[in-house]
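As they're listed, the protein sequences go chains A and B. In this text, residue positions in the first sequence follow the UniProt record's numbering: the first is 1, and each later residue adds one. In this text, residue positions in the second sequence follow the UniProt record's numbering: the first is 1, and each later residue adds one.
One thing to keep in mind: the hints can contain errors.
What the hints assert, rightly or not - Some chain A residues close to chain B (C-beta under 8 Å, calculated; not the full set): (1) V26; (2) Y40; (3) F42; (4) G61; (5) A66; (6) L68; (7) V91; (8) A94; (9) E103; (10) A105; (11) L149; (12) I153; (13) P157.
What the hints assert, rightly or not - Coverage of chain A stretches by chain B, computed from C-beta distances (three or more under 8 Å per stretch; other residues unrestricted): (14) 110-116; (15) 119-126; (16) 133-146.
Said to hold, decoys possible - Some but not every residue of chain B turned toward chain A, in silico, with C-beta under 7 Å: (17) I177; (18) T184; (19) D185; (20) Y425; (21) R452.
Because the hints were derived from the structure by calculation, they are not lab data. Predicted model, so just to flag it, every value in this text is computed and none were measured. Backbone N, C-alpha and C fix where the C-beta goes; we use that ideal spot for every residue, glycine too.
Here are the chains, one letter per residue:
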Amino acid sequence: MQDGHFLAPRQRRRIDRPDLVAGLVVIALSFLFGVLALGYGFGTPRQMGAGFFPLTLCALGGLLGAALAAKSVLRPEPGFERPDLRRFLFVSAAFLVFGLGIEPAGLFVTLVATTLIASLAHRDAKVVESLALGAALAVAVWVVFVLLLGLPIPLWPAAR
Amino acid sequence: MDVLALLAGGFAAVLTPQNLFYCFAGVALGTFIGVLPGLGAMLGIALLLPLTFHLPPDAAIIMLAGIYYGGEYGGSITAILVNVPGTPSAAVACLDGNRMARQGRGAVALFASAVASFIGGSIGIVLMTLFSPAIGRFALSFTSADYFAVMVLGLIAAASITNGSALKALIAVVFGILAGMVGTDVSTGVQRYAMGFHELIGGISLVALAMGLFGLAEVATARETGAGEGVRYRIGLRDMLPTREDLRRSILPIGRGSAVGSLLGVLPATGATIASYLAYSVEKRISRHPERFGTGIIEGVVAPESANNAAAQTGFIPTLAIGIPGSATMALMLGALMIQGIPPGPQLMTRNADLFWALVASFWIGNLFLLVLNIPLVGLWVRLVHIPYRYLFPVIVCLISVGVYSVALSSFDVFVVLAVGILGYLMRIGGFEAAPFLMGFILGPMMEENLRRAMQLARGDFGVFLSRPISATCLALAMLALVVPLVRFLRMKLRGGVPV
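Chain B with its partners taken away, still in its complex shape:
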């Protein structure tokens, strides 16, 4: 089969000492940052971005991707052992995983989580391998109008599925796009919002923006949990072995969790967090004993864990095959590709096929590394939870500063981090999320370009967005995503109830 040959080529590319090293370093760092409560994969990726500029594109992307799915693993360890999710998508693992830990079965929960994650991740990779080329070919028929509509849908979906207020997320998207306009307009050469700073002619640096939003603002608001106290885990390999009963009860939930996760990873704006929640609620709904969920049963651990890792892998499908990221993490990944000089879009699969297949192969290897890292070394990770916050602040601040300075050896970028960080801090206080802002920043310039081209080709006729089936469908869905919550709000208001 064609795909197998390509995949073999990918493996050949990854199985070099360098790429193996970067893959390993990525997943290890990702697990590290995932384990530390309150710090997410975003911060890990942002911190590592400047270092990856000095690497070849494949090594850079392999490493960044490793941080991402490694972070998904690491978050669960903290969730299970200390009941604090290291990453948002691990929050569900607290429910039953931490209960298991309190019953003295924490080691089994960790083992089950690692294996379920591995299986979920593997299924996600298989789907990615099989479907990305077809989706990429389909995307080749996209016109600029279709691209514009898909991006509108992606941004609106990202805004409507947030933890906070959808209205605020939309505002964050709008200002993210405006931040993306800073610099020279490619088509007209006009300088926009540069305020006379010649450093801004090329636009705001993505690295500085990501570090300000996810570094400074995050560190300044991260909750201290004091989570490490009282955790004294010495875990032997023998404690981790699940019983035959555990295994029997895990098989189907892992399958269903992987299916839910794979599907949600592909959809715009859903991603790992929602996948794990949904997988948990699916299990609870079809279970004959729904009341046992939350008491420490293994189904409640393996289903969400397989789902979030499946979603973490399939999330790469739209990002790589179409060039439109479904989540802020994927947007950052796309930004990293652009910085490496690799233009996103369906051409990526043909023009940079080597890179694509090397990345897919690296997912397999990275997931194997994670299994090795997680099962025997779990005691090491547990100790990380004890690192006091007073060491974390200075380390993160210094690494961000040096990292951003190293990109262009310009102190200006350090001040950009500061400015963006202050903005991000204010946004956080006001309940505006940073992720939609980042997505707007990255997609904004692409949206403008596609809108401009679409309108030029259609001679200024806005009807083109409705006459193309792909574009019309996307815009209709986007409209739906906007109107449904509004109608719900108004109906609640009329009934005098309190909207949820």
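One chain only, chain A, in its complex shape:
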């Protein structure tokens, strides 16, 4: 699979009837949030409960979702470009690694790992370059956040 952005328009893969799907998802989400809001207490307009505003919004969201779905049936949209999944997955994974790593493994190890994974989002990534970049970032972050701002961010893997 090539990066979608660099393909000629007709070669881009398209998803059929995307707005119909989007509309249905919006309706489903509105319903879900609405059901949750039922338990919060509706109250009266004069004395609104915690559920009044969210429930009203969910009703509105459901209507708008239905309008979107209806519109897509009346007038089919051309469809979306297939996005760059590789980039999305590696960027997301990098955040996951940072979130999981920062407390047990400390700033230096985690930032180098995060940089390495994030740079894999790009096909031209070179491991040595990424390691160097990660080390430089770790030092810069250490200077700004720990030395200058004095934040107690764990620096090295914690001793068990």
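Starting from the known structure of chain A, fit chain B onto it as the hints suggest.
Chain B alone, transformed into the frame defined by chain A:
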């Protein structure tokens, strides 16, 4: 004059080494991020938000504002030199600016853009200085019903003026408001949508939300342009000097551009991007040679450039004087104020007058900094366009992670960025814009509070929204903004045409 004394006080507050430093750092970072294609002022503000928590409120706001209008400048540099707008509002500068560059007059275009931006920005600041206090006083007469109606108008206007589908923008607004409901309801103490996470009792963190939407989602979808290739600019100061003819032809367009920009900055939801487009089309319409627009004439550069910077400044008027932001960037700015413990609203002008005037003074100084940064240092910025994307991803990801973690030293917030980022990514694929979502998130809780209070005072009578003139006018305008596109769509449909 009263205003002059207050402004003098503002200057006294800004002309401290610290505040000057933060102002300079803000505009320099803003220009930096603006120059990089595909990254906007939003990402800059989101990245810097956590750092500003450690600063006093005035320094924090001065710096964030600097990023915003610095970003507006920086975007134009990229637009002119490589025909890729660094920020959306710079897209118009591509039309004639890049043509000028191809004719070997890129340096003149950059100079003209910097000067036009400075003049436009300055006019915007003068208007802000003169009118904000009056608007603030007027806003003091607002009741909760009026506030609610103004916010409805702001959100609907924001949704109806988007690049994509207005319907999708409205949906984004609704879900943004719902995201704002997460946490403890202030009036009843009920916990909403917290799903058992005690970290969510205080609501979703604004920093995490902004970073997910404008950091993760943005980075994952930003287009690589390969724009830097082939640009070899060595620009000397002498190349930048415009001819006497250029100057003569620039004066009136700058004036008109500033006027258009100042007006549009104040209106809800319009802001810098639309201001620059409109200023360009105004110039083209009144020109005796409209066919020359797009061929590299200086009018096509200075008019939109003065307009977008004027709008960037006057956009602060509703945000600061009334407490209702007109755009997503302003909403983020308002959020930053709230995080600093400064409640938005007309009281801000009286209760936090020092901060307001310091901010106004910082605009003057920041715009001067930009002139200095842009004209002699433009060669430095040009080199930035060459930074390969494979370095940008990791740097942005790491800075976001550390930044959001540093706020509360909680990994939970990093996971919130991830979750919001995935949502933002899906929204982007589906054509739902992030900016209306953010506006809903920030305005939602205020809307609920004002609706609740209005209804309590009116004893549950919804008629109160129609009996107050301010509220009735706003709701009528909001209705209009909703109905006009719908009618247009249906009419096109009936005629069997393809709606635009």
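Going through the hints against the structure:
1. Look at V26 (chain A): its Cβ gets to within about 6 Å of chain B, closer than 8 Å, so that hint holds up.
2. Using the Cβ-Cβ criterion of 8 Å, the hint placing Y40 (chain A) at the interface with chain B is satisfied: the shortest such distance is roughly 5 Å.
3. At about 11 Å, the closest approach between the beta carbon of F42 (chain A) and any beta carbon in chain B exceeds 8 Å, and the interface hint on this residue is violated.
4. At about 5 Å, the closest approach between the beta carbon of G61 (chain A) and any beta carbon in chain B falls short of 8 Å, and the interface hint on this residue holds.
5. Checking A66 (chain A) against chain B by beta carbon gives a least distance of about 11 Å; that is not within 8 Å, so the hint is violated.
6. Because the smallest distance between the Cβ of L68 (chain A) and any Cβ of chain B comes to about 5 Å, under 8 Å, the interface hint for this residue holds.
7. Proximity of V91 (chain A) to chain B holds as hinted, the smallest CB-CB distance being about 5 Å (cut-off 8 Å).
8. Given hint, A94 (chain A) at the interface with chain B, holds; its Cβ is 5 Å from that chain's nearest Cβ, closer than 8 Å.
9. Below 8 Å, beta-carbon pairs count as interface contacts, and E103 (chain A) has one with chain B at about 6 Å; its hint therefore holds.
10. Restraint check, A105 (chain A) versus chain B: the minimum CB separation of about 11 Å is more than 8 Å; hint violated.
11. Taking 8 Å as the C-beta contact cut-off toward chain B, the hint placing L149 (chain A) at the interface holds, the least distance being around 5 Å.
12. At about 7 Å, the closest approach between the beta carbon of I153 (chain A) and any beta carbon in chain B falls short of 8 Å, and the interface hint on this residue holds.
13. The beta carbon of P157 (chain A) is not positioned within 8 Å of any beta carbon in chain B (closest approach about 15 Å), and the interface hint is therefore violated.
14. Counting residues of the stretch 110-116 of chain A whose beta-carbon sits less than 8 Å from any beta-carbon of chain B gives 4, enough to reach three: the coverage restraint holds.
15. Evaluation of the coverage hint for the stretch 119-126 of chain A: fulfilled, as 5 residues show C-beta separations to chain B shorter than 8 Å, against a requirement of three.
16. Counting residues of the stretch 133-146 of chain A whose beta carbon lies closer than 8 Å to any beta carbon of chain B gives 6, which reaches the threshold of three, so the coverage claim holds.
17. Because the smallest distance between the Cβ of I177 (chain B) and any Cβ of chain A comes to about 6 Å, under 7 Å, the interface hint for this residue holds.
18. Among the interface hints, the one on T184 (chain B) is violated; its C-beta lies about 9 Å from the nearest C-beta in chain A, farther than the 7 Å criterion.
19. Look at D185 (chain B): its Cβ gets to within about 4 Å of chain A, closer than 7 Å, so that hint holds up.
20. Because the closest C-beta pair between Y425 (chain B) and chain A is about 6 Å apart, less than 7 Å, the hint holds.
21. For R452 (chain B), the interface hint holds, the least distance from its beta-carbon to any beta-carbon of chain A being 5 Å, beneath 7 Å.
Comparing the model with each earlier hint shows violations of hints 3, 5, 10, 13 and 18; every other hint is respected.
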